[in-house]
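Line by line, the protein sequences give chains A and B.
Heads up: the first sequence at position 166 corresponds to 166 in UniProt numbering, and the numbers run straight through without jumps.
Heads up: the second sequence at position 188 corresponds to 188 in UniProt numbering, and the numbers run straight through without jumps.
Hints were generated in silico from the structure; no laboratory data involved.
C-beta: ideal position from N, C-alpha, C; glycine also.
A hint or two may mislead.
[As the list claims (entries may be wrong)] Not the full set, but computed from the structure, chain A residues with beta-carbon under 7 Å of chain B:
hint, residue
1, Gly-111
2, Arg-184
3, Val-187
4, Gly-301
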Amino acid sequence: MTSTSRYDADERGYFGEGGQWGGRFMPEALVAALDELTSAWTEAMADPSFIGEFEAILRDYANVPSALYEATRLSEQVGCRVLLKREDLNHTGAHKIRNVLGQALLTKRMGKKRVIAETGAGQHGVASATAAAYLGLDCTVYMGAVDTKRQALNVARMQLLGAEVVAVDTGSGTLKDAINEAFRDWVSSVDHTAYLFGTAAGPHPFPTMVREFCRGIGDEARAQVLERYGRLPDAIAACVGGGSNAIGLFAGFLDDEEVAIWGFEPGGDGVETGRHAATITAGGSGVLHGARTYLLQDEDGQTVESHSISAGLDYPGVGPQHSHLAHIGRARYAPVTDAAAMEAMALLARTEGIICAIESAHAVSGALDVARELAATKGPDAIVLINLSGRGDKDMGTAIEWFGLGDAQKDVEA
Amino acid sequence: MSTTPAFERARSEGRAALIGYLPAGFPDVPGAVDALHVMVDAGCDVIEIGLPYSDPVMDGPTIQAAAQQALDAGCRTTDVLRTVEAVAATGTPTLVMTYWNPVERYGVERFAADLASAGGAGLITPDITPDAGEAWIAAADAHDLDKVFLVAPSSTDERVAMTTAASRGFVYATAVMGVTGARTTTSDLAGPLVTRARALQPKDAHLPVGVGLGVSNGDQAAVVAAYADGVIVGSAFVRTLLDAGTDRAAGLAALRTLTEDLAAGVRRGDAGGA
Numbered sequence: 001m002t003s004t005s006r007y008d009a010d011e012r013g014y015f016g017e018g019g020q021w022g023g024r025f026m027p028e029a030l031v032a033a034l035d036e037l038t039s040a041w042t043e044a045m046a047d048p049s050f051i052g053e054f055e056a057i058l059r060d061y062a063n064v065p066s067a068l069y070e071a072t073r074l075s076e077q078v079g080c081r082v083l084l085k086r087e088d089l090n091h092t093g094a095h096k097i098r099n100v101l102g103q104a105l106l107t108k109r110m111g112k113k114r115v116i117a118e119t120g121a122g123q124h125g126v127a128s129a130t131a132a133a134y135l136g137l138d139c140t141v142y143m144g145a146v147d148t149k150r151q152a153l154n155v156a157r158m159q160l161l162g163a164e165v166v167a168v169d170t171g172s173g174t175l176k177d178a179i180n181e182a183f184r185d186w187v188s189s190v191d192h193t194a195y196l197f198g199t200a201a202g203p204h205p206f207p208t209m210v211r212e213f214c215r216g217i218g219d220e221a222r223a224q225v226l227e228r229y230g231r232l233p234d235a236i237a238a239c240v241g242g243g244s245n246a247i248g249l250f251a252g253f254l255d256d257e258e259v260a261i262w263g264f265e266p267g268g269d270g271v272e273t274g275r276h277a278a279t280i281t282a283g284g285s286g287v288l289h290g291a292r293t294y295l296l297q298d299e300d301g302q303t304v305e306s307h308s309i310s311a312g313l314d315y316p317g318v319g320p321q322h323s324h325l326a327h328i329g330r331a332r333y334a335p336v337t338d339a340a341a342m343e344a345m346a347l348l349a350r351t352e353g354i355i356c357a358i359e360s361a362h363a364v365s366g367a368l369d370v371a372r373e374l375a376a377t378k379g380p381d382a383i384v385l386i387n388l389s390g391r392g393d394k395d396m397g398t399a400i401e402w403f404g405l406g407d408a409q410k411d412v413e414a
Numbered sequence: 001m002s003t004t005p006a007f008e009r010a011r012s013e014g015r016a017a018l019i020g021y022l023p024a025g026f027p028d029v030p031g032a033v034d035a036l037h038v039m040v041d042a043g044c045d046v047i048e049i050g051l052p053y054s055d056p057v058m059d060g061p062t063i064q065a066a067a068q069q070a071l072d073a074g075c076r077t078t079d080v081l082r083t084v085e086a087v088a089a090t091g092t093p094t095l096v097m098t099y100w101n102p103v104e105r106y107g108v109e110r111f112a113a114d115l116a117s118a119g120g121a122g123l124i125t126p127d128i129t130p131d132a133g134e135a136w137i138a139a140a141d142a143h144d145l146d147k148v149f150l151v152a153p154s155s156t157d158e159r160v161a162m163t164t165a166a167s168r169g170f171v172y173a174t175a176v177m178g179v180t181g182a183r184t185t186t187s188d189l190a191g192p193l194v195t196r197a198r199a200l201q202p203k204d205a206h207l208p209v210g211v212g213l214g215v216s217n218g219d220q221a222a223v224v225a226a227y228a229d230g231v232i233v234g235s236a237f238v239r240t241l242l243d244a245g246t247d248r249a250a251g252l253a254a255l256r257t258l259t260e261d262l263a264a265g266v267r268r269g270d271a272g273g274a
């Protein structure tokens with residue numbers, strides 16, 4: 001299941017000509033562990049028994065392959081076919097389970113007994129705690145103190161699953177600081193602990209390894225579309241924070257040059273306001289968390305705090321392969337504001353009966369604009385495929401506040 | 001400038017060098033300069049000035065707090081270079097310890113040029129290794145600056161050889177697997193690492209080996225000085241200033257006492273014991 005694509009990194013983890021993106025900008029103390037991880041992962045991916053076990057667990061435990069659903073009422077509205085890859089129906093409610101089951105299985109194979117993870121919204125933390133419980137590993141999750149308050153329900157879920165949740169109050173108290181703290185843990189625990197990195201960012205091999213564990217999204221969707229419609233989609237779309245669901249989807253289609261690829265970034269209050277997390281749209285090249293990538297930074301290279309209504313996209317960096325794909329133009333990235341994402345969340349709920357995560361609603365919003373354009377140029381048979389990366393249960397608090405829900409007497413505005 | 005003469009002088013006196021760290025801009029820009037002058041005056045042979053950074057993954061809570069305070073007060077990269085200039089003017093070799101992104105953002109070549117013209121001796125780079133540091137190596141060589149890379153207990157022999165071959169000035173041996181911070185006991189991983197860093201470096205390189213992470217008093221310094229060429233102290237200095245709070249004079253007095261204790265420690269060698 002390992003891909004070989006012209007868009008892959010070289011053996012040192014650099015993407016692009018001249019090695020502009022990615023790499024491994026890391027303390028020497030962690031290099032041995034990253035080398036060990038790289039070789040263990042490479043061997044595992046060449047071992048049919050590992051691949052077989054991974055696929056069996058995904059199938060029997062995580063409800064993968066996920067369904068591909070033609071959103072017929074939504075399609076009528078925009079004038080062409082809109083397909084949803086239903087990652088929201090996976091166990092734990094998002095694509096994240098693919099990545100953590102892959103990494104946790106690898107942890108067992110390497111003989112380590114403990115995993116650590118960072119989490120923003122809590123989805124990766126919940127998935128990590130789930131995988132740890134399933135495979136009998138100890139689990140510690142680092143979460144920004146601000147996020148533990150925003151996502152108290154997910155804190156409770158992780159605790160119920162047996163994980164220790166550590167609130168991180170350094171820096172901005174959000175995802176980037178949780179990553180810093182997880183690295184600090186890892187430096188002192190690396191001999192018996194694996195770091196389950198939550199997105200396709202960070203030092204080599206994480207961007208490539210996380211992509212490969214998530215690439216089932218794209219590979220399955222490609223086969224499902226071909227089987228049902230006899231051709232490839234015209235465009236595919238995903239939301240991009242760190243970018244794991246997006247790169248997992250894109251991986252299946254990168255070499256199909258006729259398929260347009262869209263990544264939708266969190267535009268927050270609007271890129272022009274400065275309160276956003278649209279890293280590729282508005283950031284510059286730099287090094288954060290071990291990779292050279294686009295990031296939000298000030299003139300001195302200090303990381304700038306990001307903002308998004310969606311905690312899962314609220315990250316000032318992005319996976320280095322996305323930077324590469326943006327730089328060479330293979331994929332296009334555009335911002336979607338908080339307001340537009342919330343509008344899309346409500347639209348999908350009322351039109352299709354699906355309450356998606358606010359993260360995924362960014363993809364829905366952006367993709368519907370793409371679909372309207374395609375309908376105008378190519379007609380009703382055009383196909384737009386959206387990765388619905390997660391479900392929206394965790395976001396009901398935000399939705400209640402945004403839409404003024406919860407009062408049975410009151411009409412909902414949306 | 002280079003740190004080499006400081007290590008040679010210490011070696012000729014039959015002792016290890018004392019290398020003291022403080023972030024620029026902490027407690028504020030002039031306050032850091034005052035504190036660094038006290039550290040020079042009271043016996044540091046080499047100074048490391050930290051460049052405060054928003055995401056310091058290798059630092060423990062003490063240095064994180066100081067760096068955050070400096071950033072909150074508006075400390076800029078140019079303030080760090082001005083601090084280097086003020087300290088290097090004493091004649092004591094002065095390095096900058098920095099995470100990589102601020103250097104890349106400033107411009108690697110421009111940073112090297114401005115550091116050299118401020119009288120700086122070079123850089124310590126905790127989050128780049130020589131195999132990810134081609135741009136820095138080229139700029140440092142062009143401007144005759146020290147390149148202090150790190151080795152760790154987990155480094156393979158091959159990587160220790162590669163890292164020492166790429167370093168100039170000294171090589172920084174991280175004595176424990178962990179982030180910065182004062183520790184009550186010194187590590188038993190440090191001695192073997194120093195031995196490897198000496199044995200695996202290029203023949204005739206005579207690259208000194210500095211040991212960092214955890215030393216907080218003269219007795220610990222004496223233990224490390226018995227087997228290392230340099231004893232690196234950071235968090236203990238920062239902690240001293242943090243504990244003094246707003247009483248600057250008391251902070252500087254405590255800093256002097258600590259520096260003198262450490263300077264005596266590196267002169268006793270292993271006679272002290274931990």
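Results of checking the hints against the structure:
1. Checking Gly-111 of chain A against chain B by beta carbon gives a least distance of about 16 Å; that is not within 7 Å, so the hint is violated.
2. At about 5 Å, the closest approach between the beta carbon of Arg-184 of chain A and any beta carbon in chain B falls short of 7 Å, and the interface hint on this residue holds.
3. Evaluation of the Val-187 of chain A hint against chain B yields a held restraint, the C-beta minimum of about 6 Å falling below 7 Å.
4. Among the interface hints, the one on Gly-301 of chain A holds; its C-beta lies about 3 Å from the nearest C-beta in chain B, closer than the 7 Å criterion.
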